[in-house]
Amino acid sequence: MKKANLSSLQLYRCFACGYCKFTSDFVDYNCPSYKRFRFETYFTGGRLWLMYAWLNGEISWSENLANIIYTCTTCKNCVEHCPMGFNQDIVNWITSVRGEVIERGLAPPNIRDFLENIRKHGNPWGKPKDGREAWTKNVSVRKFKPADDYLLYVGCLASYDNRAQEIAKSLVEILNDTDISFGILGNEENCDGNEVFMLGEKGLYQLLAEQNIKKFKELNVKRIITLSPHSYNIMRNEYPKLGGTFEVLHYTQLLHDLIKSGKIKLSKTEVKVTYHDPCFLGRYNWIYETPREILRSIPGLELLEMRRNRGNSFCCGGGSGNFIMDLLGGSEDSPNRVRVREAYETGAKVLAVACPGCMVMFESALKDEEMEEKLVVRDISEIIRDSCRK
Amino acid sequence: MSGIYEALAKIVGEKYVSNRMEEKYFYSRDQGLTEPCKPDYIVLPKTVDEVQAIVKLACKEKIPIVVRGAGLALTGLVRPLKGGIVLDLKRMDKILEVNEKSRYAIIEAGVTTGKLKAYLEHYHPSLRFSIPDAPPSATVAGNVVIHGQGRLTQQYGFNSDMVCGLEVVLPCGDVCRIGSCSISPYWFSKGPPLPDLSGLFLGWFGTTGIITKIGIKLYPNKKIRDVEIFVTDDENLVPDIIARITYTEIVEDVNVWTQPYPLIYRGIHHITAYVTGDSEEEIEFKKKMVIDSVRDYIKRKEGGFIFLTPDIKPVLLEMPQSSLTRFADVKRGGGFQYAGPIIPIEKYPEAYRRMVEVAEKYKTTWAIASRVIGRGHCMMFGFSFPFSRIDPSDMERVKKALHECDLIALELGGVPWKAEIPAQQEILKRMDQNTRKLIGQIKKLLDPYGIMNPGNWEVD
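Chains A and B are the protein sequences, given in the same order. If you count by the working numbering, then the first sequence holds residues 1 to 390, one letter each, in order. If you count by the working numbering, then the second sequence holds residues 1 to 460, one letter each, in order.
Derived by calculation from the structure, the hints in this document are not laboratory data. Note that CB positions come from ideal geometry on N, CA and C, so glycine has one too. Hints are not guaranteed to be accurate.
Stated by the list, open to error - No more than 20 Å apart at the CA atoms, straight line, and that leaves these computed lysine to any residue pairs for SDA-like: (1) Lys-94/B <-> Glu-345/A; (2) Lys-15/B <-> Glu-345/A; (3) Lys-15/B <-> Asp-25/A; (4) Lys-94/B <-> Ser-60/A; (5) Lys-223/B <-> Ser-60/A; (6) Lys-38/B <-> Asn-87/A; (7) Lys-46/B <-> Asp-333/A; (8) Lys-120/A <-> Gly-186/A; (9) Lys-38/B <-> Met-306/A; (10) Lys-46/B <-> Ser-331/A; (11) Lys-15/B <-> Glu-332/A; (12) Lys-15/B <-> Glu-342/A; (13) Lys-313/B <-> Arg-104/A; (14) Lys-46/B <-> Glu-332/A; (15) Lys-361/B <-> His-377/B; (16) Lys-94/B <-> Glu-342/A; (17) Lys-76/A <-> Ser-322/B; (18) Lys-94/B <-> Ala-53/A; (19) Lys-94/B <-> Lys-60/B; (20) Lys-15/B <-> Thr-71/A; (21) Lys-38/B <-> Trp-61/A; (22) Lys-94/B <-> Val-27/A; (23) Lys-15/B <-> Ser-62/A; (24) Lys-117/B <-> Met-306/A; (25) Lys-15/B <-> Asn-67/A; (26) Lys-94/B <-> Lys-76/A.
Unchecked claim - Away from chain B, derived, C-beta distances all over 10 Å, residues of chain A: (27) Pro-83; (28) Arg-119; (29) Asp-130; (30) Lys-272; (31) Ile-324.
Please put together the full structure from these sequences, using the hints given.
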């Protein structure tokens with residue numbers, strides 16, 4: 001994979017005007033790391049200026065600089081709201097500088113461990129590879145066969161995290177009640193590489209992507225359903241550059257089609273729900289209405305919008321591996337805590353998500369905010385599964 | 001200064017104070033061309049009590065304090081010229097009250113223009129304030145303290161004229177209310193009928209105290225805005241065209257702009273007149289009034305209104321106008337700065353000719369974006385130069401060009417706006433000596449230790 005030429009990174013073009021801090025209507029700061037830390041060094045403009053200063057030797061490497069660089073969740077709020085002509089390059093600039101940090105052997109221990117675990121074990125915790133399919137115990141799901149309609153790519157979080165596993169289980173339950181044939185890779189599944197890509201380890205990303213592409217091709221995979229928008233993003237937008245061209249669907253897209261075609265019947269569920277747009281489904285792939293249409297198709301469900309929604313959605317703080325490292329945690333201004341408070345203010349009883357990363361972040365926030373009695377976080381697959389059961 | 005960090009951390013909490021290299025680097029500069037000056041500490045207070053405690057500490061230890069909003073003046077006014085503490089007030093961002101009947105808002109000093117705009121649109125859609133065309137990250141307090149202008153400036157004067165009360169932490173640490181709020185719960189006036197003390201703090205760049213709350217006047221927010229552009233290739237006609245349009249007393253905002261590129265704009269002066277109304281009839285009537293006001297020029301074929309395509313109108317009607325910020329990327333170099341002197345309107349033609357000469361002398365491109373102030377009493381003549389941050393010679397040329405523009409403005413009887421240090425010195429040099437002396441006396445009285453943004457408005 002072609003390594004970014006640092007001299008071609010035009011970081012100096014950023015004026016640090018601050019549009020990138022906001023939503024499009026300026027209602028609040030929408031850059032998660034700026035909202036959390038509030039020093040000017042923590043919004044995209046400040047970060048780019050510091051990266052440029054570091055590359056030019058004006059400032060030296062430090063723990064604080066590392067924190068500034070890695071607390072960017074690559075949520076793309078800046079890309080969405082920067083008025084400049086270079087806005088589409090911003091994430092690439094950030095990941096390229098992160099790549100340089102790695103090249104120079106300066107990655108902080110938590111980043112290094114995250115990447116090293118993925119390299120060795122195929123998951124960021126360093127858990128055994130053969131534990132990847134442990135969630136399937138007592139679940140009726142089988143391995144993918146070449147004749148299957150879809151490969152269900154589960155991803156690291158839904159394979160290993162107890163709460164996220166529930167998302168995988170509910171989706172499998174729903175799909176088992178349809179005529180769709182699908183299978184999983186089980187212990188043969190490997191990390192998708194999205195977080196590795198965002199953390200700038202382009203070499204490791206390439207290795208993972210090529211391994212995955214090879215396996216998918218060997219198994220004659222044509223169509224992939226992903227649980228995570230992160231997997232969806234990398235497989236849909238980056239794998240083709242390495243020869244991995246598959247039809248990739250986020251599971252909400254499949255559920256949407258199944259509901260529309262009448263293959264899933266939903267029963268009345270009277271509940272107030274607000275939906276959080278995950279960055280990798282929304283700002284990265286412009287899928288805003290599909291999840292909402294699914295929720296609205298449930299009779300009795302009232303969908304309430306948070307003020308910040310769609311392209312203005314406020315990131316949960318989990319991107320770029322932060323759903324594990326949580327560099328933005330530890331404060332009432334942590335994005336996940338801000339967001340659950342915002343969800344509660346809508347009057348909703350359920351915060352609906354469509355991403356295992358968001359699920360993990362918000363579950364943690366509810367505990368920190370002592371809001372577990374007030375609001376529950378449910379994945380759309382769980383909401384649909386329960387509506388089907390009724 | 002041992003123990004200062006700990007003392008500051010005790011006041012605001014450790015996570016909101018920094019003496020780290022990265023914060024020192026960023027807070028030592030703004031987006032303009034002035035040389036960086038590193039602070040010793042950067043502090044992010046949340047409350048007035050915290051600001052008071054910091055000021056008392058600084059007073060005791062004789063440490064300079066420089067207040068920063070978004071740092072978007074571009075003229076280096078928030079650089080800590082003598083080190084010390086930079087106070088970033090943006091955590092103080094509560095909108096405390098909106099009085100719909102008396103039409104004002106009371107806000108903390110860190111509230112951004114973007115946030116106030118969004119708040120009013122959502123909760124008080126019939127009201128608006130004079131939003132500047134600075135990016136939405138600019139703070140309302142920062143804008144008025146430099147006598148900024150905005151969308152209602154043509155009607156109501158400088159944005160600082162729209163202040164209706166202040167809360168200030170004085171350099172001794174006392175909190176002081178300015179205006180009607182000093183004797184009443186209502187913030188309807190910054191001075192009258194009392195002695196108007198607001199002048200001790202507006203335009204002083206934080207050298208006399210720290211504004212922590214501000215009352216800002218609100219105005220009717222009509223349902224519809226529209227825009228017309230009158231063009232002429234004769235700069236000598238611009239002052240009279242402005243006079244005629246503002247004579248109608250029905251326009252919201254009047255801007256004058258021209259630029260050499262794209263070539264279609266070269267030599268053409270665009271007088272942009274905005275109108276507002278609650279119905280199409282009102283808008284059409286006002287537009288007709290504007291057109292009638294300059295009909296003579298149209299008949300003589302000395303100018304005319306241009307057809308605005310559907311794609312251009314949203315650009316012009318956007319608030320703030322992000323296209324102005326995009327000027328920083330003209331050279332793909334991330335920088336621009338402008339000389340924005342306040343000049344008599346009749347000086348527009350000469351200012352235009354002479355500043356274009358300056359641009360040619362320094363071989364740099366430019367753009368003019370000017371705004372009429374107070375029904376045609378004066379105008380902010382914004383003469384902008386883009387520059388590339390990676391081209392030191394370009395930066396140096398633009399720096400020299402800006403200084404020459406300041407000198408031209410002074411020569412024409414104007415006054416540099418938000419003047420950087422060399423321009424401040426040029427102003428003070430020309431100022432009536434008793435006025436200069438008074439400035440010095442006021443500063444000495446309020447800030448005997450010279451800790452408030454030292455280096456600015458230095459009389460001695």
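Pairwise hint evaluation, Glu-345/A against Lys-94/B, where the allowed Cα distance is 20 Å at most: Roughly 18 Å between the alpha carbons, so the hint for Lys-94/B and Glu-345/A holds.
Compare the distance between the alpha carbons of Lys-15/B and Glu-332/A with 20 Å, and conclude whether the hinted pair is satisfied. Status holds; Cα separation ~12 Å.
Compute the least Cβ-Cβ separation between Asp-130/A and chain B, then decide whether it is above 10 Å. holds, 42 Å
Is Lys-94/B within 20 Å of Glu-342/A, Cα to Cα? holds, 17 Å
Checking one constraint from the list: CA of Lys-38/B to CA of Asn-87/A, max 20 Å. Satisfied? violated, 29 Å
Regarding the pair Lys-120/A and Gly-186/A, is the alpha-carbon distance no greater than 20 Å? holds, 17 Å
Is the Cβ of Lys-272/A more than 10 Å away from each Cβ in chain B? Correct as stated: the minimum Cβ-Cβ distance to chain B is 21 Å, above 10 Å.
Tell me if the straight-line CA distance from Lys-38/B to Met-306/A falls inside 20 Å. violated, 41 Å
Proposed proximity, Ser-62/A with Lys-15/B (alpha carbon, max 20 Å): Measuring from Cα to Cα gives roughly 17 Å; hence the hint holds.
10 Å Cβ clearance of Pro-83/A from chain B: violated, 4 Å
Holds or violated: Lys-117/B to Met-306/A, with C-alpha atoms at most 20 Å apart: Holds: Lys-117/B and Met-306/A sit about 19 Å apart, inside 20 Å.
Holds or violated: Lys-15/B and Glu-342/A, Cα atoms, limit 20 Å. violated, 24 Å
In summary, the numbered hints that this structure violates are 2, 3, 4, 5, 6, 9, 12, 13, 15, 18, 19, 26 and 27.
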